[in-house]
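Trainee: Put chain B on the given structure of chain A with help from the hints.
2 protein chains.
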Amino acid sequence: MMSSEDGYRRALCCGLGVVSRAVSLDRWERRYAARAQGMVASEVRALFAVASRPEIVSLAGGMPDVAALPMDVMAATMSDLVAGQGPTALQYGSAQGDPGLREALCAVMAMEGITAEPDNVVVTVGSQQALDLLARIFVDPGDVVLTESPTYVTAIATFRACQADLVSVAMDDDGLIPAALAQTIARLAAAGRCPKLLYTVPTFQNPAGVTLAAERRGAVVEICQRAGVLIVEDNPYGLLGFEGGPMRPLRADAPEDAVVYLGSMSKTLAPGLRVGWALAPPAVKDKLVLAAESAMLSHSVFAQLVVQRYLSTQPWADQLKGLRVMYRARRDAMLDALAVAMPAGATWTRPAGGFFVWVTLPDGVDTRAMLPRAIAARVAYVPGIGFHPDGQGANTMRLSYCFPPPDRVAEGVHRLGRVLRRELALLDMFGRPASPA
Amino acid sequence: MMSSEDGYRRALCCGLGVVSRAVSLDRWERRYAARAQGMVASEVRALFAVASRPEIVSLAGGMPDVAALPMDVMAATMSDLVAGQGPTALQYGSAQGDPGLREALCAVMAMEGITAEPDNVVVTVGSQQALDLLARIFVDPGDVVLTESPTYVTAIATFRACQADLVSVAMDDDGLIPAALAQTIARLAAAGRCPKLLYTVPTFQNPAGVTLAAERRGAVVEICQRAGVLIVEDNPYGLLGFEGGPMRPLRADAPEDAVVYLGSMSKTLAPGLRVGWALAPPAVKDKLVLAAESAMLSHSVFAQLVVQRYLSTQPWADQLKGLRVMYRARRDAMLDALAVAMPAGATWTRPAGGFFVWVTLPDGVDTRAMLPRAIAARVAYVPGIGFHPDGQGANTMRLSYCFPPPDRVAEGVHRLGRVLRRELALLDMFGRPASPA
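Which chain is which? The protein sequence lines are A and B, in order. For the numbering used here, add 281 to where a residue sits in the first sequence, where the first one is 1. For the numbering used here, add 281 to where a residue sits in the second sequence, where the first one is 1.
Isolated chain A, as found in the complex:
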């Protein structure tokens, strides 16, 4: 009989197999560019293989529940498009993206209060690609990029692939702390360094689930403007708020050239179409177009026209309301379950929208070390350390409520609670590491 320890080990090996294999057998290893040294498998990626088994409640992935989409309508949209415009839709397109879609995306941004011209929009392969292109345009090796801490894990990978020096700015439950931002910039300036970018997810942040308070937004923009730091505002969740109307993005009230705004249809329509975009100051937009051309020639015209048609023919704004109701019920299920299942000393955020809750556990709990035990207990999460550029957060984790239905969300949290209680009991038995004062 296999012990549960064996189960843990097998689960961990399975998930991390790619990493260990990459180390061996590599004839070309000494020929890689310096930037390639930073390309290592992420926590999240290593985990997906394990967490996708059906018996496991995955609170790990940030996938939207696309099954909520009217598939018949989507199928008809695609089929009409190919029948009517096939030779255009299946051809190469421009590197900037389809003009009709760019106009439709301006209307999407207008729902949040942004006034934008289609000519300043560049369509990208998810907003991830926009982030990647921006990193390549702005970041020389050693350049400072400011981020929240914790921050979006693949942004860390992307900036590291350009050899950025990531510097964290403190957050609280109201998002970035303006005074901390100003102090960080001043400290860097004293050392002769000026950050190139501030990367921020101000609304329903991934991973922390917090939102930059409205009254802090002007200060963040002004501090960056004064310091000559370009703001990269990543806003994939802005239209998925559970309380009241949408928050005004930084871009809505900032000077046009202060912010590059990143949007995405991945959470509000379907990630499988890979349609994201950047709204950028004109000169930066020109560079983005050139970088996009070099990166992929052009995005899929087909995918762009599907989104454009869908937005112009379907009651998408009403469907968004449905998504908000659906995700709110899942968030509520998670918060209710956390209140019951979490051990004393655990704290967590209360997201007003988006997909994620951030949990901080008592000192001494190591969520990365605990993960195989959680998987053996049939629940998965993402250890928090990977979201911290500075290696903090060993006792934190990201929980997603976006994909499983409410009862599964609750079940997952209860399973996690049991794992945590056992973990804390073991720590009590064998002593927890002294907390660093």
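Simulated from the structure, these hints should not be mistaken for lab results. Some hints here could point you the wrong way.
No distinction is drawn between identical chains; accordingly, a pair holds when it is met within one copy or between any pair of copies.
[Stated by the list, open to error] Taking lysine to aspartate or glutamate pairs in the EDC-like style, the calculated list, with each CA pair at most 20 Å apart, reads:
#1 K566 <-> E384
#2 K602 <-> D534
#3 K566 <-> E310
#4 K566 <-> D307
#5 K602 <-> D613
#6 K566 <-> E537
#7 K566 <-> E336
#8 K602 <-> D346
#9 K602 <-> D446
#10 K566 <-> D421
#11 K566 <-> D538
#12 K602 <-> E524
#13 K602 <-> E393
#14 K566 <-> D400
Just so you know, these numbers come straight off a predicted model, no measurement behind them.
Mentor: Same frame as chain A, but now just chain B:
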């Protein structure tokens, strides 16, 4: 009345508008990374806006004629896919790409004699993205990348975006000259430099239309193997040969770890799906997967499954035969027209497949300067200088026969012939620059 000179100027300004605007207004200019300095608008891109007007015969673009695709079948494939597998097809996928598609792509490569495992394939946004990811993995600023001369224009942009030092290797009508390759590597070695990559399009080359002779292929691989130079074999046109069976790619007969092979469905199915791939040695494949994740998280699962379904349900191999017949007729139309229309002293290649003929004109003709006059005469081409990393080729041009029907191809060549005769007459009148001995 507008003079035709005005017409030329307007046409040129229209095409190059993006470039001049990028220079002005740029608050962030001093903040760009060093690599962004190399991001400047290409000849080809600047031209597209002008050459797409219906009255102009464009021998410029390298677009396949996707109207030849059975649109009803494609529409049904997509609609069935969404109806049956929507929640998977429209979700995020793995960074490496769909396993079923990777298996199908191995079968495509087997048609050319390549034996490959799906696990060594990475699906990318066109083969362009594979090229971009490889550049990022291998090229440090100043590293040498060997290319043919002329070579694929966007490869130049992509390698330059990684600050590569591009070194050209001489070609003739049988492709890369092995002795020249060996000499170039030896010359670099004498200066203490070892090229990281050889980028080559050995079969039906873009832009020159030449093919590396079968008897040279082993030598090219062996020279690179001995020198520790990884070969990047870009093969978008390999299945579009007009004479006999497909050439065996370098990858078919080389050691597994000598070559990264790039394939594409853009010319044989539809560029609008943006499905290309890399077949790489395992360790390089692992790096490609990580780089792809950082660049875009994942490719469109939908687009990948469309290609996979299309290949598994349609008589694609038969359709390829139809494409070969269609493109051969257009090549013949071009070669026939060139024989009649070209002035004395012009020479051109005779492609055995693919999309392009390369024309070399008498010394003194400047094809870039001549382009607005050609556009005013309602024909477009791509000036050759942009395909040369070393600034050679002012008297060369690329002509594409892939998109217009045969009679339009012929008409375009005849228009071009008239422009050239006038150009040469003017040169005779005002004297041509002395050729540099």
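Trainee: Each hint needs a verdict: does it hold in this structure or not?
Mentor: Here is what the structure says about each hint:
1. With identical chains, the CA atoms of K566 and E384 are at most 20 Å apart within one copy only, with a shortest distance of 15 Å there and 38 Å across copies.
2. Proximity of K602 to D534 under the C-alpha cut-off of 20 Å is found in neither arrangement, the shortest distances being 25 Å within a copy and 58 Å between copies.
3. Taking identical chains as interchangeable, the C-alpha atoms of K566 and E310 lie at most 20 Å apart only when they sit on different chains, with a minimum of 12 Å there against 35 Å within one chain.
4. For the homomeric pair K566 and D307, the shortest alpha-carbon distance between copies (10 Å) is at most 20 Å, but the shortest distance inside one copy (38 Å) is not.
5. For a Cα distance limit of 20 Å, the shortest separation of K602 from D613 inside one copy, 16 Å, qualifies, whereas the shortest one across copies, 58 Å, does not.
6. Taking CA atoms no more than 20 Å apart as the test, K566 paired with E537 passes inside one copy only; the shortest distance there is 12 Å, against 41 Å between copies.
7. In this assembly of identical chains, the alpha carbons of K566 and E336 never lie at most 20 Å apart, being 46 Å within a copy and 31 Å across copies at closest.
8. In this homomeric assembly, K602 and D346 come within 20 Å of each other (Cα to Cα) only inside a single copy, at 14 Å, whereas the closest approach across copies is 42 Å.
9. Taking the shortest alpha-carbon separations for K602 and D446, neither the intra-copy value of 40 Å nor the inter-copy value of 53 Å comes in at or below 20 Å.
10. Taking CA atoms no more than 20 Å apart as the test, K566 paired with D421 passes inside one copy only; the shortest distance there is 19 Å, against 26 Å between copies.
11. Proximity of K566 to D538 under the C-alpha cut-off of 20 Å is restricted to the intra-copy arrangement: shortest distance 11 Å within a copy versus 39 Å between copies.
12. Only within a single protomer do K602 and E524 lie at most 20 Å apart by alpha-carbon distance; the minimum there is 11 Å, versus 59 Å between protomers.
13. With identical chains, the CA atoms of K602 and E393 are at most 20 Å apart within one copy only, with a shortest distance of 14 Å there and 52 Å across copies.
14. In this assembly of identical chains, K566 and D400 lie within 20 Å of each other by CA distance solely inside one copy; the values are 9 Å within and 37 Å between copies.
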